[in-house]
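Asks: Chains X and L, in that order, give the protein sequences. Heads up, the first sequence is in my numbering, so the first residue is 1 and it goes up one at a time. Heads up, the second sequence is in my numbering, so the first residue is 1001 and it goes up one at a time.
Don't read these hints as lab results, they were simulated from the structure. Small disclaimer: the values here were computed from a predicted structure and weren't measured. Treat the hints loosely; a few may be bogus.
Residues on chain X that point at chain L, a partial pick, calculated with CB under 7 Å [stated by the list, open to error]:
id: 1; residue: Arg200
id: 2; residue: Thr201
id: 3; residue: Trp253
id: 4; residue: Asp258
id: 5; residue: Leu582
id: 6; residue: Ser586
id: 7; residue: Tyr590
id: 8; residue: Met593
id: 9; residue: His602
id: 10; residue: Leu605
id: 11; residue: Tyr607
id: 12; residue: Val611
Glycine is no exception: its CB is placed at the ideal position from the N, C-alpha and C atoms.
These are the residues of each chain, in order.
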Amino acid sequence: MSVEATGASRARERSTLEPEGSGVGETSFRAWAGRGTLPGADRVQLGQLLLRAKLITARQLDEALARQFRWGSRLGDILLASGWVRPLDFYRTLAEHFHLSFVNLVDNPADATLFQPGRYADYAKHLYLPWRREGGVLWIATADPTSAKLMADWGQRPDVRFVVTSKFDVIWELQRVAGSAFTRDAVNHLSTFDPERSARTVMTSAQKRSLLGLALVLVAGSFLMPVKTSILLNALINIFLFVSFVFRTILCWMSCSDHVGLSIGPDDVAALQDRDLPLYSILVPMYKEPDVLPILAAALKRMDYPKSKLDIKLVLEDGDNETIEAAKALALDATFEIVRVPRSEPKTKPKACNYALRLCRGQYVTIYDAEDKPEADQLKKVVAAFRKLGSRTACIQARLNYFNAEENWLTRMFTLEYSLWFDMFLPALDRLRVPIPLGGTSNHFDLEKLRKAGAWDPFNVTEDADLGMRFAAKGFRVGVVNSVTYEEANSHLGNWIRQRSRWIKGYMQTWLVNMRHPVQFLRSVGWPGFLSFQLFIGGTIISGVVYPFLVIPFAWWLVTRTGAFEQFFPAGVLVFSMANLLVGNSCLIYLSMLAVAKRKHHALLPYALTVPGYWFLQSVAAYKALWQLVKNPFYWEKTTHGISRFTHAEIAKAAAHKQ
Amino acid sequence: MASAGSRMLKSPKPRRTSSSPGAALERLLIAGLFVYLAIAVAHYPAMALWSQSWMVSLGAVGVSALWWAHLDSAGMRRLWGMAAASTLLLLLAGRWLRQVGDLRAWISALGCGLFVYAMVWIYAMHEREPGLQPLATAALVLSIGVLAKPAVVAACACLSLAVFLDERRHVGGWWRSTLLILTPVLLCAGLLEVLDSLWAGGLVRLIWGTTQPSSSESTNLWSIAGLAREGHLLLFPLGILASQLLEGRTRKTAIAYLFLIAFVAAIGTASWMPHRLTLEDLTMIIVAGACSLLALDPPQHWLCRMMAVGGMATALGLHGMA
């Protein structure tokens, strides 16, 4: 059988992000090739092969060997990650080194009938796949001929032979053959295996009956006893909001202390040995965002983490050619891969992430948005945090903030809100050991636990918040680490409303999913978790919906001193609800001040006084969310990134960094 | 000093073996103190009025019990703590007696006292571990403090600005630190004003009572007669401060407390001040602040404990006679 490296010239034309190569572990070369040479000698030998072929310079080889000593990675991974050798050249040399043939899977595709669905995870993780069967011999194409798993499963079989291919070819072929199965899984896994935790069914029959019953009681009450019904409803809403304000104030007060929240200091980071760091997968789901990609690429390149231990996947939608082309044009190094998500419904970020998750190889996996700028030591801090928090930890959430806070009033408000959320609320929730609604990006997962929990719900438009609740319900812990990722705050009102309505709709979905079996949920998260869920997730929804009903009558009365409300709001109720409204708004103003003081965004302090105006916008988004929940529950309102002038500056900076 | 203070507050309760030199004398003193308190309970004229209001009973017992718990958690020896809390209970009853049954005025005075207690505790918290949390706590407590009389809130707000002056570096200058400290209290004062206008002044009357000292009465607080009438209560804070001096553990908070008392007395009795302080308010503030100081840093040596609690008991005795 011919296993010539056909199509090499075509492969050279392709971007490095798509089918080409990966590194190898030289330590077991002896066992594989039967050379009987020392590991050290082997290491030099592969390097020398590359050197002899003038694919790398002597200086690069020396540096790679030095990095190999520090990072504990394989020479090939280091050379590829450093961008010193083209993947295609590397894998051809690797094949030569093992006296194996090199095969290009794009031009010589694998026989799809040989693929075993039960082994898809192995193919992705250990970078091999069954290529062809000819004359009773099964040919396996591998990008990692030293894989212990590969040797254990296939190495001893007399009817198996191996060829070398590139990492990118394996991923490419795997997607070609198993893409539809991955898509089915990405969409249906949770709703099939844990349907009660999936938002695919927006409301269960029991929930519909309860809602209908409640509506009937309200309507009947409004007709039969309008004043008493109004008073009762008003009192219930006000008590709930009051408790919610108090709860948030307590959370904020707790977080004012420097001791609340997981703190990983420079010493903890310094104590980590690079060689002990695990492989880290990074997912970057994007859709029609070609412009902002350089920001993240530059930020990831600046990451203080061994490059050879990064497995970065740009998760793009099939058909989003402009972003795919932009990614290729960046000519990123071999740590970056493009994952093309086949078209299917629902067209959501969690579905894309679920798809890419099937191809992840790291011990940990995180998500970044395309315009994210994580702090350089974030991955190391997270590794330290996972080690510190123990084996029940499934996720570490980094804090989010904005790099364009000063752009306009909206971005200032957004920054106030994010500072409050990520610097004050979440660390305190972590301290109280209650469920934490995760943020949209920079949540770092233990891959195994993420899979165990069922990964993201593709039907929930705030899949992150939902996942936080699911982790808590399944007994896993979520921590919040003191590392920040800077994002682009929405600077346009329409765009902001779209994004916010999606968030609130997602909160509604999350609340409905967790309230399908309230007693069961209560048992799984305990009273503190249950109450904090109601106050935090429920409180966000309720306050958005009822805010206009509290403010408008009050403002109307203040201006006109009308007696129209008297029958619905007797003096006591009126004073209580007004006090609640004013105290609540005062609370929010002050808590926002504290948050930006802690974040040291001092210039934003006076702007906190305008927070009540921002709450009106929340209400607009809340009503839109409510409408969408009924009409189009799974629709993903796309947030456009890259519209801020600060982002343009970031793109220019990233371009300068690249040069 | 701050770190030493921190150690003191968090240290386990001091243990002393029965072979310690002063152990027997200490036991004798505490026994004597309890006998004295028992006689006071039997003969104290406040007892006659005590049964007239269950709210007063509940309030005084609750406050004393909470203080005892605070003392206990801070490491004060249990018996001494009980003696101190019992003395406070009798003092509170004494104030009730003085106010001849004006429940609102009594509650208002107690509210002022509790507010000052909290503020002194917060200043100590800041002294122990500066940061955003003490500042936020001060601001939030100040906002609740609008329920106390304006003079007390104003004095505490001004003192807070001074105490938290060093935080200005961390929060971007004095203007922003002022904003952080004063925003809640200003918002709450505004809220109170709005609600009070809704109730045509009824809310403020409900909170502060109707008793309003005349200008001349207020001036009398500073007179020899005024001092002679209530000056003995100063024995309590003096005993605490002396014990802390003797143990070499004087805190900046103690100085803040003295400033606070002077400031409150000065502006609380000024003729231009709305809802001027009464003598009862002032004495409650003095006692509450001293109680907070004692709970923050309980004396470690038995002689100093004797000095602090003895000062309090003596004040009570003189109070009864007065």
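Asks: Quick one: which hint numbers does this structure break? Sort them smallest to largest.
Replies: Numbers 1, 2, 11 and 12 - these are the hints that the structure violates, sorted from lowest upward.
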